[in-house]
Every structure is written in C-alpha cells, then in structure tokens.
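Residue numbers (this note's numbering), protein chains in the order written: chain F, 1 to 169; chain V, 1 to 420.
What the hints contain is simulated information worked out from the structure, not anything from laboratory work. Take the hints with a grain of salt, since some may be wrong.
Taking lysine to aspartate or glutamate and the EDC-like style, the derived pairs with C-alpha atoms no more than 20 angstroms apart in a straight line are [stated by the list, open to error]: (1) F:Lys146 - V:Glu360; (2) V:Lys228 - V:Asp5; (3) F:Lys42 - V:Glu171; (4) F:Lys146 - F:Glu94; (5) F:Lys123 - V:Glu360; (6) F:Lys146 - F:Asp125.
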Amino acid sequence: MSEKKTKRRDFLFTATTAVGAVGAAAVVWPMIDQMNPDASVKALASTEVDVSSLTPGNTLTVLWRGKPVFIRRRTQEEIEEARSVKMEDLIHPEKDEDRAKNPEWLVMLGVCTHLGCVPLNDKGDYNGWFCPCHGSHYDTSGRIRKGPAPWNMEVPKYEFVDANTIKIG
Amino acid sequence: MSDHDYRPKSKVGQWFNDRLPLLTLANHLTDYPTPKNLNYWWTFGGILTFCLITQIVTGLTLAMHYIAHADMAFESVEHIMRDVNYGWLIRYIHANGASMFFLAVYIHIFRSLFYGSYKSPREIIWILGIIIYLLMMAAAFMGYVLPWGQMSFWGATVITNLFSAIPLVGEGIVTWLWGGYSVDNPTLTRFFTLHYLIPFLILGLVVLHIWALHVPGNNNPVGIDIKKPSKDTVPFHPYIVIKDGFALLMFMIVFAFFVFYAPNILGHADNYIEANPMVTPAHIVPEWYLLPFYAILRSVPDKLLGVVAMLSAILILAVLPWLDTSKIRSAVFRPLYKQFYWILVADVLILGYVGAMPAEGLYLLIARVATAYYFLHFLVILPVLGFKEKTLPVPLSITEPVLGGSPNFAAARNKESKIE
Chain F
1 MSEKKTKRRD FLFTATTAVG AVGAAAVVWP MIDQMNPDAS VKALASTEVD VSSLTPGNTL
61 TVLWRGKPVF IRRRTQEEIE EARSVKMEDL IHPEKDEDRA KNPEWLVMLG VCTHLGCVPL
121 NDKGDYNGWF CPCHGSHYDT SGRIRKGPAP WNMEVPKYEF VDANTIKIG
Chain V
1 MSDHDYRPKS KVGQWFNDRL PLLTLANHLT DYPTPKNLNY WWTFGGILTF CLITQIVTGL
61 TLAMHYIAHA DMAFESVEHI MRDVNYGWLI RYIHANGASM FFLAVYIHIF RSLFYGSYKS
121 PREIIWILGI IIYLLMMAAA FMGYVLPWGQ MSFWGATVIT NLFSAIPLVG EGIVTWLWGG
181 YSVDNPTLTR FFTLHYLIPF LILGLVVLHI WALHVPGNNN PVGIDIKKPS KDTVPFHPYI
241 VIKDGFALLM FMIVFAFFVF YAPNILGHAD NYIEANPMVT PAHIVPEWYL LPFYAILRSV
301 PDKLLGVVAM LSAILILAVL PWLDTSKIRS AVFRPLYKQF YWILVADVLI LGYVGAMPAE
361 GLYLLIARVA TAYYFLHFLV ILPVLGFKEK TLPVPLSITE PVLGGSPNFA AARNKESKIE
C-alpha cells in the first residue's frame, strides 16, 4: 500500500470519529439535561409569606422550593449578640448587617450547609440553631460557629412586599 | 472433564448444541474441577447468588404494588403491608434481604482477605467484586429512599449532599441529582428507576465475576495453585452443589428468623413516619451495613476531606492486589498477617459501632483512631509486611498434608512421594 493511500484512510478515520463523537455528545446531552430541574419545578421559584402573627423571639418555618426557610423575628438581645461578634471569631465571616438588612427580621434557608439537615431553633452553644445530624452550632445570625458545616446558613433573595408580607425568591 | 470432549448423548441435544453450545456450558459448570479442601467460607458465593435472585424476585413483585410518587409512595408501602395478599411477607423478605445480602457479602469479602483470593491471577475477579459491592450500596441506598419515610428522605438528603463537597460544580451536581432544589418527587422517581436497573447490572457483573473465576479456578484455604483436574479437585456437581446447598439452608434459617421474628430490628422506627421536609429526625444513621464508612466520614472535621476519606476507604480495596506485596496467599502460612487481619476485622467492627453513636467526645476519638488504623493497614502494614514477614512453608499440593497426617510438611512430602 502506498503512503499516500494510508494518509487518506487516516483522514477518513479521524473525520468519521470526530463527527461520530460530536453526534454522540449531541444525543447524550439531552439525556443528561433531562435530570435537571424542569419547568414546573422552576415555576415554583417564589413564595409570599404573611408574617403579621409573628412576635419577637419566634420563628416561622415555611417551605420554599422544597426547602424550609426560617423567618425569625429577633429580640433586641439577639440582635445585639449577633452584631457584637468580632469577624475574627467567625468561620465564614459575614456581618450581621449584611445578613439582616432589617435587623429585626432574619430570613434564611433552614438548611445546614454540612449535609442539608434542618437545624433546631433556640439550641446550641450560641443561642441560635443546632443541627442534630452532625453537631453544627449556629449563632443568632445563622452563622456557623462550631462543627463540620463550612458556611453560614444561606440568606435567599427576599423582599418586604408590604409591612406584613415577605416575598421569598 | 475437558470441555472440548463433551458431546450430548441425545440426537436432539447434539443438534441443538451444534447450533448453540448451551449444553457444553452446562457440562462445564457441572463437571468444573473445584479444590477439594474448600471450607464453608467458600459457600457464600452461592449464598450471594441466592440473595440477588431473592431481591430481584421480591422486588419485581413489590413494584407491581408500589407507587413512585412523593404523595403516594408512603401510603402505597402501607397498602402493601396491610392490603396486598402476603404483601407484608414479600416486603419483609425484600427489606431484610438487603441486610442478609450485605451480611453475606461482608463474609465473602473477608474470606477473600483472609485467604488472599484477591492476589494474582485473580485481580480482575476481585475488582469486579468491588464494583458489584459499590452497585449494591447504591441499590440499597436508593431502595431505602423508596418508602418515603423520614429516614428515607433525610438519608437521601444527607447522602446526595455529599456531592456538594466537590469544589465549584458540587452544588450544580446536587441540583442535577435531585431534579429540583431539594429531595422531592423527581428524586424519588429517578431513584426508583435506578433501583430497578441496578440489580440487573449486578447480575451481568456476577456473570463476568464467575467467568473470570473459571479461568484460574477457585482459590482454596491452602492458597496454592493446583492443577485442574487432578487428585486435588472434585467436580462441582455433586460435591460443591451439596455443600453450598447445605450452607444455604443454614443461611435461610437466619434469614427466616429476621423475616418472621424480628422484621424491623434492622430498620429505624423513624421510617414509619412519612417524609417531612421541615423536620429532621433527631438522630440520623444509615443502615448498619454502611456504618463503618459513615464513621469514617464523620471522623474528619472538614466536609470535603471527610467525603474523600469515605470514598477512599472503599476504593482502596480496588488496588489491594497491588498493595499486598506478599506472594503467599493464605493467612494460614502468614503468622503476622493473620494477626493484622483480625485487628482489621476488629477495627471495622469498631468503626461500625461508633458510626451508630453520636459523633462527639470519646466516640469521635475512637472513630478517628480506627479510621487512621484502617488506612494504615492498607497503605503501610500490607506493603511492608510482604517484605518483612517470615512465612511458613507451603505444601506442594492439597493432598500432601492430608496424606502425611502431620503438620510436618517435609515428612508429608516424603510420604507422598513414596505413595506415588
């Protein structure tokens, strides 16, 4: 076989394989992407909550996107405790002022950032939340202080529609 | 006994076998020369096959009544328990069958560790076995999610969240696994699909596992290479079939004890409470067979490193044939390895125990020491031992020490040569 013929065969091999690979990828992607959140799941992206009944020192838990959201109306002591913490003492430094724009209201996902359990209210060494699964302690701002969780509990996008209604998402 | 010589007796058999040599295969399996000194620890391969078939048959029948939907799954399981004819029996066999499957697979794995069955030339058999074991864990985990109780839901949440430890893409992967922003109906339906699929993948791998086994043949308690067929072997049927059958009967007694007298003892009461995404049960623990790995996960204070340690603890087994540098297979002839083997068994049992306990105080300390030892065993002790250990003399054949009738192998060797 001459050298020229071999080269032509090589080109065909490479071109066929390349086109085949692109075709296979084009077929595989829909198979993978179908597992991502579908349109009906995404459509449930926001929820409105009436918080008029909530008194200071209490927490309301609502479901948003299948996850619990803690709405805590904090007492004056809790706010002071959260705001007096030094940044150096935090595992994931975040100012309470940034987490709770309106200091009385703390809104965050009630999901432990370790492995996703729901922490318990008014528990733990920092008067905030305690996760029973693997022992993470959160303070009155929902910030991780002790335990295996790497981050503070997440503050979702939310806004006050009016004085008594919070829209999450 | 040679496969090539086999010819079916009947004309029809010959006609069929010339076109599809299934009868040759059946003959190969029946006459297969097996070491004659196999002890009862070797019967767990057959027991495991029984477990797999039991899970597939009971699973199929349960699937005829189960509804994979977040609103109906819990109720449909109660429906199976209360309304479906013998539903309670089928479900209890399936649920306890998972535990029995793992009990048998752990004995099977530790038998291999003791007698060095993973060593050359059986590395591929061993690796196929580890893949089967991984698939078993995936199937068991997803099956546990299906009743949609509190432990199902929170177990699914915690285990899928392990993937969130992966830097950058972790959160995206978890959302993809869930098909939403939390464990919910899309998660349940895909888990059901995969739970249905995996046993058949395992079945395929079991065929490869046995195929790979039939190339070199069984290892044996003495751990030496034997000629097959020879006076060191017996045909698989009837000798091994009867032995396996007897062991299976004993195993089924244990199985039946759990099914009929303690069907919920290996489960968690919390799983009879319907899944509630707002409340996590106070004490989340996986099923007993995953506890040692759970203990390793919790013993590392860092999220990502904890997940890495847990996965490594399983995957390290896949490279075991190359970590163990000793040429001698059976622990019978390795006095030091034999001791380290039993320390490893104790270590894994301790890990299992602390995995069920809260991760704090003394339990956490014990878990950390046991985790460190687990890796020490595979990464340091085994490689070094192969060079340092003074092994005992190995007999030349299985028959030799038996005919010699004395532990003195040199004498036995002389005696046998006289007989020959």
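We went through each hint and held it up to the structure:
1. F:Lys146 - V:Glu360: With a Cα-Cα distance of about 13 angstroms, the restraint between Lys146 of chain F and Glu360 of chain V holds, given a limit of 20 angstroms.
2. V:Lys228 - V:Asp5: 16 angstroms, holds
3. F:Lys42 - V:Glu171: 16 angstroms, holds
4. F:Lys146 - F:Glu94: 15 angstroms, holds
5. F:Lys123 - V:Glu360: 17 angstroms, holds
6. F:Lys146 - F:Asp125: Holds, at about 8 angstroms.
Hint check: no violations occur; every hint is consistent with the structure.
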